[in-house]
Each structure stands twice: as C-alpha cells, then as structure tokens.
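Fit chain B to the supplied structure of chain A, relying on the hints for placement.
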Amino acid sequence: MDVIEQEAGSVTIVEPRGRIDSVTAKEFGDRLASLLNTGRHRLVIDLKSISYISSAGFRQLLIANKSTEEKNGKLALCGIAGEVKRLFEIGAFGDLFSIYTTREDGIASVQ
Amino acid sequence: MSNVAAQETAPTVRSSAEGNKPKHTAPPQWAGGSWIARFLRRAYADPILAPDVKKPASLFYNADERPTAAIALSNGMQHVGLIAINLVYPLLVCRAVGVPVTVTEEMLSLGMIVLAAGTVIQVLRLGPIGSGFMLPSTFTATYFAPSLLAARLGGLPLVFGMTVFAGAFEAALAPLLNRLRTYLPVEVSGLVIFMIGVAAGLAGLRTLLGPSAAAVTSPEWIVAGITLGSMAGLNIWGKGIARMLCALIGLTVGYLVAIPAGLLTSARLAPVFSAAWLGFPGFGHISWSFDPALIAPFAIASVAAAMKAAGTITICQKMNDANWVRPDMRSVTRGVLTDGVATMLAGLAGGVGTNTSTPSAGLAAATGVASRNVAIAAAGIFFVLGFCPKLTAVLAITPRAVVVAALIFTVTFIMINGLQVMMSRMLDARRTLVLGLGILAGMTIEVFPQSVKLLPSSIAAVAGSSLVSATVVALVLNLIFRIGVRKIATLEIKRDQVNAQKVEDFFTRQSGAWGARPDVAKRAAFGVAQLVDAIADTCWESGTMTVRASFDEFNFDIDVTYPGERIDFPDERPSVEQIRDSEDGARLLAGFMLRRNADRVRSGIKDGQCTVHFHFEH
Numbered sequence: 001m002d003v004i005e006q007e008a009g010s011v012t013i014v015e016p017r018g019r020i021d022s023v024t025a026k027e028f029g030d031r032l033a034s035l036l037n038t039g040r041h042r043l044v045i046d047l048k049s050i051s052y053i054s055s056a057g058f059r060q061l062l063i064a065n066k067s068t069e070e071k072n073g074k075l076a077l078c079g080i081a082g083e084v085k086r087l088f089e090i091g092a093f094g095d096l097f098s099i100y101t102t103r104e105d106g107i108a109s110v111q
Numbered sequence: 001m002s003n004v005a006a007q008e009t010a011p012t013v014r015s016s017a018e019g020n021k022p023k024h025t026a027p028p029q030w031a032g033g034s035w036i037a038r039f040l041r042r043a044y045a046d047p048i049l050a051p052d053v054k055k056p057a058s059l060f061y062n063a064d065e066r067p068t069a070a071i072a073l074s075n076g077m078q079h080v081g082l083i084a085i086n087l088v089y090p091l092l093v094c095r096a097v098g099v100p101v102t103v104t105e106e107m108l109s110l111g112m113i114v115l116a117a118g119t120v121i122q123v124l125r126l127g128p129i130g131s132g133f134m135l136p137s138t139f140t141a142t143y144f145a146p147s148l149l150a151a152r153l154g155g156l157p158l159v160f161g162m163t164v165f166a167g168a169f170e171a172a173l174a175p176l177l178n179r180l181r182t183y184l185p186v187e188v189s190g191l192v193i194f195m196i197g198v199a200a201g202l203a204g205l206r207t208l209l210g211p212s213a214a215a216v217t218s219p220e221w222i223v224a225g226i227t228l229g230s231m232a233g234l235n236i237w238g239k240g241i242a243r244m245l246c247a248l249i250g251l252t253v254g255y256l257v258a259i260p261a262g263l264l265t266s267a268r269l270a271p272v273f274s275a276a277w278l279g280f281p282g283f284g285h286i287s288w289s290f291d292p293a294l295i296a297p298f299a300i301a302s303v304a305a306a307m308k309a310a311g312t313i314t315i316c317q318k319m320n321d322a323n324w325v326r327p328d329m330r331s332v333t334r335g336v337l338t339d340g341v342a343t344m345l346a347g348l349a350g351g352v353g354t355n356t357s358t359p360s361a362g363l364a365a366a367t368g369v370a371s372r373n374v375a376i377a378a379a380g381i382f383f384v385l386g387f388c389p390k391l392t393a394v395l396a397i398t399p400r401a402v403v404v405a406a407l408i409f410t411v412t413f414i415m416i417n418g419l420q421v422m423m424s425r426m427l428d429a430r431r432t433l434v435l436g437l438g439i440l441a442g443m444t445i446e447v448f449p450q451s452v453k454l455l456p457s458s459i460a461a462v463a464g465s466s467l468v469s470a471t472v473v474a475l476v477l478n479l480i481f482r483i484g485v486r487k488i489a490t491l492e493i494k495r496d497q498v499n500a501q502k503v504e505d506f507f508t509r510q511s512g513a514w515g516a517r518p519d520v521a522k523r524a525a526f527g528v529a530q531l532v533d534a535i536a537d538t539c540w541e542s543g544t545m546t547v548r549a550s551f552d553e554f555n556f557d558i559d560v561t562y563p564g565e566r567i568d569f570p571d572e573r574p575s576v577e578q579i580r581d582s583e584d585g586a587r588l589l590a591g592f593m594l595r596r597n598a599d600r601v602r603s604g605i606k607d608g609q610c611t612v613h614f615h616f617e618h
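Read top to bottom, the protein sequences are chains A and B. Just so you know, the numbering used here puts 109 at position 109 of the first sequence, and the rest follows in order with no gaps. Just so you know, the numbering used here puts 459 at position 459 of the second sequence, and the rest follows in order with no gaps.
Same shape as in the complex, but just chain B:
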C-alpha cells in the first residue's frame, strides 16, 4: 500500500456550476496601497463566498452583498432586539452574588461592548479568526449554570476567570471538532443541550423558590405570569416582528406592569434617574480567579458552545448557497475558534460566556438579509448602548419575577431543542441506555444534591453539577457501548459478471441491516457503481474486484480492490468539451463526481492491485 495515500484530499464543498455568481452591489473599495486599506480589504471587503456559490432565491442579500445603510441598520436593530433578552444571564449571575446595582450596570455595559467585539471578529477575517458570516454574538444559557456555581463558590472573579478558561478551551477544541465526532455523538449533544436547559431553568427557579430565596409575593406571581404569558402569547399567536421579538416585548410588558404592582418603587428606580445618558463603563469590578474544581463544568459547557456554534455556522453556509452539499469545516473551525475568542474576551472584560446567536441565523433566513453589513450595524448599536448608563441601570434593576419568567421562556426552547436533537437518531437499546442513564445522573444531582457526598471528595467537586454528571455518564457509557459496533461486509464482482444492480442491492441490504442512513448508503452505492462503470472498459480488464464495506455508526468506509490501473479523481470538473468530445470524457467526469460524492477519496496501486478508498461520514 505504498502509494495509497498519494491522492488524499478533501472534496470541494461548493458546486462548481458555471455562472450564477452572486451579484455584488458595490462592495466597499478600499483602494490604494496603504496597509490599512490592504488590511480592510483582506479582512472585510474580499468576498467570503466562493465565486461559484449559487444564491438561493429566498435570499435578498447574501453574506457578501451590501444593502443600503437603512436596510443594514433596521435589520441590525432587529438582531439587537432578539439578542437583548439574553442579558438576563449576566443579570442573574450578578443577582446570585448580590453585588451592588452599580457593579451590575458596569457588567452589562461592558457586556454589550463585548457582544459588539464578538460580532465584529466573527464577521471579519483576521488570520485564523472569523467565519465571515453575519452571526452576532450573544450571552448564552450554556454557561449559565456553571457561572452560577462559580459565583457561589468564588464570586464574580471566579466567574470571569473560569469564563476565560472556557473560551480558551473552546478555541483549542475548534480544530479538533471533526475528529471528536466519535466521542461526541449527536444524541449526546442533544443530552448536553437538554441538561443545559434543565440546569438553567432550575437555577432560575431557585432564585424564586429556593431555600435561601425571599418568599415570592402575590404581585410577583402576577407580574411573572403576565411576563411569561405575553411572551408565550406572542410566540404562539403573534405574527411578523411581534412574534420574532416576543421575548423582548414580553420583558418590556413585565417591566411596565411591575411598576404599578409595586415591584419597582421610587427607591429601586433611583439608580435609573441618577444615571447619565452617556458615560464610560467602569472596570472596578474586574478581577480573575481560577478553581480547578470548576474545570469540568466549564469545559463541558464550552464543548456544548462549540457544537452549537458549529451548527449555527452550518446554517449560515446553507443559507448562502443553494448548491450547499455538506458543511465546510474550514469555515466552521474559524467560526468556533472565534466563538471561543469572544468568550475569552467576555471573561477578560468581566462578563459571562457568549455564543453565536442561533435565533439571529433564523432571523436572517426569515428576512432574507444575511449581509455582513447587518452584523456590523448590530455591533455598532451594541457598542453605542454600552456607553449608555441609563439603559444599563434600567436593565440592572429588572425585578426577579420578570427576569425568571424570561429565563423560563427561553430555556423551554433549549430543553425541547435538546430533546429533538436526541430523537433525531434512531434510539436503539445502546443509545437509550446512554441517554436514559445520563439524564437520570443529572436529575439525581438536582433532586438529591447531597448524593455527591457519597463520592470521594476529589470526584464530588467535579460531579456536583447536573450538567457534568449527565454528560460524563453519557460519554463514558457511549465509549463502553461502542465495543463491537464496527460491522464489515464483503462483495466480490467478477469482471465478466459486472452487475450494477447487484452492487446497489448489496448496499441497500447492508445499510438496512446496519442501521445506516439511507442517504449515506445511496452515496456509497453510487460510489461503487460509478467506479465500476468508469473502470470496466479501460482500467479493469480481468480478474475479481473486491468491495469491502465497514460501518461503525460514524464512519462508512469502502475499500475497492481490483487488478488494473488507477483512476484519477480531479478537484476541478473537466471542461464540457473534455467530457463531450474526448473518448475519456465519461471517465474524467466520473473521477470528479466520485471525489464530490464521498467525504474523502484516496487511491493507490501496489503489485498490480489498485485500491480505491471512499470515506463517508455518517
């Protein structure tokens, strides 16, 4: 197998269809040779989409197109409205520590500036950083439960220090994401998302109902009910912008109702009245500390953040390309790395963890405006708001009934999203046990927090979080239950008995028996049938071809061995003239199609035996 690796390369992701290039409406021209002009051109003006990308009909502006300033600004404001609801996370962390309102104000002001920075670095392309997509940054429920844990153990400095760690961990994870798929299967991702929702929701409820919480008054129940009811009502029956911004509108309604309900007395409103309209945020609250006991919860949360960011970037890729075939992992890696850097910045600036905003990707798809200019506009708005102390004072004194109602509303969707991700896989006995026992391990910590004392003290410190317990149990069981998962089947085809239907039947039968996805099985069947078709007349003159298929749930691999010559797998499609007018046209095209059909292709030849390896990710 000395030459087997000779041709290994990843297939191109984009279609190379001729024509259909996106129309660029006068991108900014930073002409001239100054280093600033060159920097801006490389970081922002150069298109991020491949020239052969086909713009979907539903999109008015793709990532590279430039809408007018009015369109960019109005869309930017919608994204800010959508993201603003997530300011409840830093707010609740501040409440958990019981810091003065002024510290909360500083944290929120800097938080908005951090969101602006996170959005800008995602949209720019600076070295390995930046996916280039219109993907605003937002605070996230993912880091909420670990941040509350850190707040209780070591106050805000520990929250900030561990957030820096989590960001660094996510950034380090970014290049490894694809290789870790085996250990982080989709259903376990779903479990992590579900437990993030459960842990965040219960943590929020504890601020109302927990043993150390002040008793909930009747007006608080009423305000919480109206807040949650407004959000749910607008989400279910609302239309257009009202539905899109239901959480923000509900939060505003709850806030306004809280005033006549007596939850916002003149004393509580005093910081708002005394705050200036414009001012620089303070940095006095920022310091950092680190606790090894919190590595596990923050690391698991950062894995979840990385997976969520990868998913959101994939949505952006798909949204911008009608010919999208599969995720472009280079863009995903850049985006996840940037997401980690944004979280590091948040921690350094005295904030909680951030993540790419999935609802914003949904909003861009709904409005058809995915231009990067919109992200710049949203970042600009957040940046300006960061210098408005009066606004942050308003946010800082939000009554707990309103904040918790908003939190419950958002985590409901997170929990159900997690369930959907879990149910997207065929749940056999192995997965059922992995998920069931994982959920039970997490719930045990929530319901019986004292149970961690049964564990050795070194483990108890790590296992004291429902998110960690659930994830660790699921990951360990997933590894154990993978024993014996790989299945192998072989098919032999004699040169004088070539039958493409037989090849197809073989893959249909095996994929059914193995539980492989039908779309992957079809790609595999096409790969072998097209290869046989292409080599039968020219490269494979006699003897027997052996097709060896192996499957282990994440990988569908096929090795085809035959006596004969090697076929080329070009990256670029042969020209129309080459395909049409050359006798080798069909074979040249076959090589190109086979490269694009599989996730990886390689071929080699030794002692007259040619081997072609197709790899399909499952």
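So that you can see chain A by itself, here it is in the shape it has in the complex:
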C-alpha cells in the first residue's frame, strides 16, 4: 500500500492506494496519527484508489476520526465506490463518518 499526501491550504488530502488489510492498516494508521500530531487537523481521506479495506482498516479510520475530534479538527472521506462502498455498507459505517462523493466536496466540508 502506498499513501500519497497533498495539501490544499489548511487541508491535507491523504490518498492510500492498494489494499488496507491487517498487514498495512497499522502503517496507514501511523501515517494519519503522524499528520494529526504535526498539527494537520483537517484531513480528507480519498479512498478512490483502494481496492480492499478490511476490518483492521476500518478500525484505523475510526481511531483517526476520534483523534481529529479531540483536536477540534475535521475528517472527511471521499472517493468511496464499488467494492469499497459495499464494504462500508455491510459494516454499517455510513453514518459514522462524513462521506462525500468528490474530493472537492470533502475539502469544502473540512475547511
């Protein structure tokens, strides 16, 4: 799994690519924690290039969501489609995250 980071003003866009499973979830979670610890509290996680996310990956997203709230920041998800969208549905995560269709909408929501 690769993680691409971009900045748009005060917002950091994180784009993981590949699979987020038990092997890669820790690395992904550490990356998010590192961003939050360096003061990047407005995050948009673009999942458009993810082919698979396991329960371990969802756990890291929930941890990041809580950490963001504790730091009075905002976290939004976007680019959720296809199989990843189905996994969000079977995990019943639709209402636990702020989810947007496009990256632009996600950025606007956390600014």
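Simulated from the structure, these hints should not be mistaken for laboratory data. One should not assume that every hint holds.
Unchecked claim - Cβ-to-Cβ under 10 angstroms is the rule here; a few derived chain A residues that face chain B:
(1) Asp30
(2) Ser51
(3) Tyr52
(4) Arg59
(5) Ile63
(6) Asn65
(7) Ile90
(8) Gly91
(9) Gly94
To be verified - In silico EDC-like pairs for lysine to aspartate or glutamate, Cα to Cα no more than 16 angstroms straight-line:
(10) A:Lys74 - A:Asp105
(11) B:Lys606 - B:Glu565
(12) A:Lys26 - A:Asp2
(13) A:Lys66 - B:Glu577
(14) B:Lys522 - B:Asp581
(15) A:Lys26 - B:Glu541
(16) B:Lys487 - B:Asp559
(17) B:Lys606 - B:Asp559
(18) B:Lys318 - B:Asp52
(19) A:Lys26 - B:Asp599
(20) B:Lys318 - B:Asp328
(21) A:Lys48 - A:Glu5
(22) A:Lys26 - B:Asp581
(23) B:Lys487 - B:Asp557
(24) A:Lys74 - A:Glu7
(25) B:Lys487 - B:Asp552
(26) A:Lys48 - A:Glu104
(27) B:Lys318 - A:Asp2
(28) A:Lys48 - A:Asp95
(29) A:Lys66 - A:Asp30
(30) A:Lys74 - A:Glu104
(31) A:Lys85 - B:Asp519
(32) B:Lys522 - A:Glu83
(33) B:Lys522 - B:Asp557
(34) A:Lys66 - B:Asp581
(35) B:Lys522 - A:Asp2
(36) A:Lys26 - B:Asp537
All C-beta atoms in this analysis are idealised placements derived from N, C-alpha and C, irrespective of residue type, glycine included.
Chain B in isolation, oriented as in the chain A frame:
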C-alpha cells in the same frame, strides 16, 4: 463436525447504521387497552420497517409514514386507475362462458370488493399474513389462460373452484420458495412469464379470430385499432399521469368511439341505464367444482404468481430502504402467503385469480409515495365501487374489440418482460436447450392443438395447455441437465505464506471459469480474505488453511478449515468504542462484517480443526 452447526443463523438484512431513522409523521395512536385498540396497533400502527432502515432520498413517504388524507386519496385513485384495466380478465372469462350481463356485473362487483380485501390483508399484519407494504391486489394475466380452459370445460363453477385451489397452492408454496430456487431457476421463471403472455394474448385473439368466434366487422377493426393506438401512443409519447394511466385512458377512448361506431346500441346499453347507482352485489352465480385434470395448469400459474409476488415485494423492500442489501425472505414469505390467500378469497367470492400489482410498485417509486395509507385508500375506493351496479354494468358490456385490444396491449409487456428475465442469465448451451425446447413445446400445443391426442389420455389432459407443456418440458430438462453442474476447487494457504492477493486471484479465476456472477465472487473473495486477515494473528498460529469452494449455479459455498480457534460472528455490530479501543476490535468487527457479507455463516471446531462455512446464493 459435532459443533459445526453451533452458530448457524441468517444474517440480518438491514443495515444497522446509527441514526437516519425514518420520520414518522404522527402515526395513528390507538391508545388504550381494549382488544380492538391492541389489534389495530399490532396489525397496522406498529412500524413494519426496521428502526435502522434508511429512507431513500427519492421517497417522500415510506411504508410507515402517514401522508395527509388528500395525498393518500389522490394516490389511491391513481392506483385504482392503474389496476382497473385488469378487470378485462374476469370480463373475458365471462364472455368465454357466455353468461348473462347480470352475472358479469355480479362477478365484477364482487371482484372489486375482493381486490379491496386482498389489498387490505397485504397491508395489515395478521399472524403470518401481510407483508405490510403498500401493494394493491389486481386481477392478473397469470390465471387467464387456465381460467379460460376451466371455463370451457366446466363453466364458472370450475373457474372458481380451481382458483381456490390455485390460491391454496400458492399459500402452501410461500414458505418453500427459497428452497425451490434450484428447481425454479430465473430463466425458467422468464419462460413461464413469456408463455403466460403468449397464451393470454392468443386466447384473447381467439375471441375475435377463432373458429367459433363471430366474424369481425369493419367497425370492430376500427375501434380495436383506435383503442390499441391510443394506449400505445400515450405509452410512447405521453408524459406523467397520461402515460401512467395510458391503458385506462385508451380503454375509455375505445369505449366512447364504440358508441358512434355502432358497437354499443341502445339495446346493449339498456342494462347500464336500468342499473342503480348503489346496490349490493348478488351471490347467485357462485358455486364451485373441481377437476383434477386442471391441477397442473393452475398449479403452474400459481407458481408464476408466487414468483411475481416475491419479485414485487422485493421491489417494495428496496424502494423503502436506501441500505437494502438483499431480499428479506420473511417479508417475502408473508407477502406471497397473503397473495395466495387473496386468490383463495377471489375464488370463494366467485372471481378469477389475483396477484400483487407490479405496476403499482412502479407507480409508488415514481411518485415517491409508498405509504400504507395509500393502499388503504385504494382498497376503500375499490370497496365503494363494488357497490355501484351502474359502473359494473358499464364494464360488463365493453365491446370485445375494446377488451381484446386492451388485453393485447397488456400481454405485450408481459411477453417482453418474460424475454428480459430469460436473457438476464448467461444463456449457455444447457439453458438454450431448456428454454428453446420449452418454448417449442408450448407453441406446438398452440399451433397444433390436436397433437396432444398423440399422448396417453391421462397425460393429454394435463399437457393440453401451452403454458403447462412449456413449463413441464423446461423443468424436466433443467433437472436432467443439472447433472454434473457442481464444480469444486481447492486452495491451500500456509500460515507463513499468507497472501490476500492470492486469495482474490483464486476466486477471480475460478468464478470466471465457472460463470459465477462477479458480485458473488467478490463477496466470496472478501469473505476468505477478511477471515484470513482476522484470524492470522490470534486464532491461527501455524499449519495450513484449506479453502474449498464449490459452485452449482445456485449456490456458491466455501469451507475454510484451519488448525486453531473459532471466530465469533455476532449479529449486532460491536460498538464504536469496542472496535476502536479494544485490541480485539478489528476481529470483532470482522466477525460482524463476515456475517453480513454471506447469506449464511456457520462455524465449528473438532479435534483442533476449525471450520467456517460461508454460503452465498447465486
């Protein structure tokens, strides 16, 4: 495998997403402790949708929400308009027998009351009866050809008796529907629907062109052409309500044109003028008889009615829930059972078979009003119309040119719907032969009706219907050709060589080779990959995991065996805190997701070997 069945349960169908509960706009409060209040609360006021159902944005009122009386009534009238066209079926059955107009009037009046009753019992929940959805009852083409056959053989009493049988058969079938999928594959359902359309259309045309029919006059051709043209024109180029009610408007146009064309003379109109505006329908025409020779056509028609009702209820489930994942078979079973009971009521009340109205489900989706109050309003309108002899007299004398044109219009859609259902499956050589030979068997009976005489007399009585011949040939061939269908493949994964991509590649390769649906293959691949992911660190410490996948077109089964501990598959999602803050959070969530991912999950352990079984319906 002593403990293998320890955890078997069906997954929950609904999403358990928090929040997003439908807004109930003041449902009726039958407060108090009287048994009537309790009965009404249980049967109607209690919500039918799960609390965690998410209302789709396109829906103004879901099944549980209560629109104003004006909205309920206006929508109810639209549904009545949509359903009214199907009164041609009892009308044509009466014509086939040549009963007096008064009997036709009685049958239509009682028919409308039966539609009201069928709609009400579908919307209420009384014991095992009632899906609770806004799903009006309608007369149907499904029973038309068998009813005509019964009418010719034994008059109306045989039609009514066999209709009671068909309803009972459908009701008995309801709890078995899911298990019968193997024997009633989708493509054969399509064939049955197609042949229902063909048989009904040809039966209608016989009343105009058949050897015993009176010659069609020029005015009749003109009226039939205008009727059919109006319906087709409005359906193709019309918009909004005009398009939605194109069949009813076309029927009215044809009726009005028939007067100047001389098809409705003052003598023929006399029963309308003499009929009262209000009156009780008569029961004098009702009696019942039974003929074993007609069991097959009515049983096959009731199977088709059950499958159609199941499909319509599934549409309602989907319409009411943005998070809909797969059919809730409990609701489907209740709905199909109710559909059978409604047909039994129709037969007992001297009518032909009924079915849930698929166009009504479409209308609810189009208007965004799926409230159960609308069904109650539609039932109320039908009930009132049942006590209006003048209206039923108008319907009873509808010229045959108008009725047959309306029938042809509706069966066209039934036939094409059947073709679409058949073509929805990948038609390999096996299915091609099942469908092709089935259609040919049905057409043979239509084109060469004398050919049944070549069969032994006991079989000839059953095979004398195109619907029966086509269905029996297709079902028998389907059973024969299933020999050797089940395919098996095995994958071994060593503990120190876990590779989720390898698992995915295995399922992609096998599902492609087996012709399995990609969405099912993805669910299967996720099931194994997520299981491996969840157990690798805690439950599976060493040794080899064996993944055995088997596929037989209707079932995709996976057995995963590994040395280690069992994982739990909870029905409820662990709390956010449990997932996030517990070290076991990911594994707990994995169990919940795996349960929802598969249609059935069970696990067991024996001699240190844990087995997890995933079942996916295909």
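Here's how the hints hold up against the structure:
no., hint, in the structure
1, Asp30, "violated, 15 angstroms"
2, Ser51, "holds, 8 angstroms"
3, Tyr52, "holds, 7 angstroms"
4, Arg59, "holds, 5 angstroms"
5, Ile63, "holds, 5 angstroms"
6, Asn65, "holds, 8 angstroms"
7, Ile90, "holds, 4 angstroms"
8, Gly91, "holds, 5 angstroms"
9, Gly94, "holds, 5 angstroms"
10, A:Lys74 - A:Asp105, "holds, 13 angstroms"
11, B:Lys606 - B:Glu565, "holds, 10 angstroms"
12, A:Lys26 - A:Asp2, "holds, 13 angstroms"
13, A:Lys66 - B:Glu577, "holds, 10 angstroms"
14, B:Lys522 - B:Asp581, "violated, 30 angstroms"
15, A:Lys26 - B:Glu541, "violated, 20 angstroms"
16, B:Lys487 - B:Asp559, "holds, 14 angstroms"
17, B:Lys606 - B:Asp559, "holds, 14 angstroms"
18, B:Lys318 - B:Asp52, "holds, 14 angstroms"
19, A:Lys26 - B:Asp599, "violated, 30 angstroms"
20, B:Lys318 - B:Asp328, "holds, 10 angstroms"
21, A:Lys48 - A:Glu5, "holds, 14 angstroms"
22, A:Lys26 - B:Asp581, "holds, 14 angstroms"
23, B:Lys487 - B:Asp557, "holds, 10 angstroms"
24, A:Lys74 - A:Glu7, "holds, 15 angstroms"
25, B:Lys487 - B:Asp552, "holds, 6 angstroms"
26, A:Lys48 - A:Glu104, "holds, 13 angstroms"
27, B:Lys318 - A:Asp2, "violated, 37 angstroms"
28, A:Lys48 - A:Asp95, "violated, 19 angstroms"
29, A:Lys66 - A:Asp30, "holds, 14 angstroms"
30, A:Lys74 - A:Glu104, "holds, 15 angstroms"
31, A:Lys85 - B:Asp519, "holds, 13 angstroms"
32, B:Lys522 - A:Glu83, "holds, 8 angstroms"
33, B:Lys522 - B:Asp557, "holds, 13 angstroms"
34, A:Lys66 - B:Asp581, "holds, 10 angstroms"
35, B:Lys522 - A:Asp2, "violated, 23 angstroms"
36, A:Lys26 - B:Asp537, "holds, 13 angstroms"
Hint compliance for this structure: hints 1, 14, 15, 19, 27, 28 and 35 are broken, all remaining hints hold.
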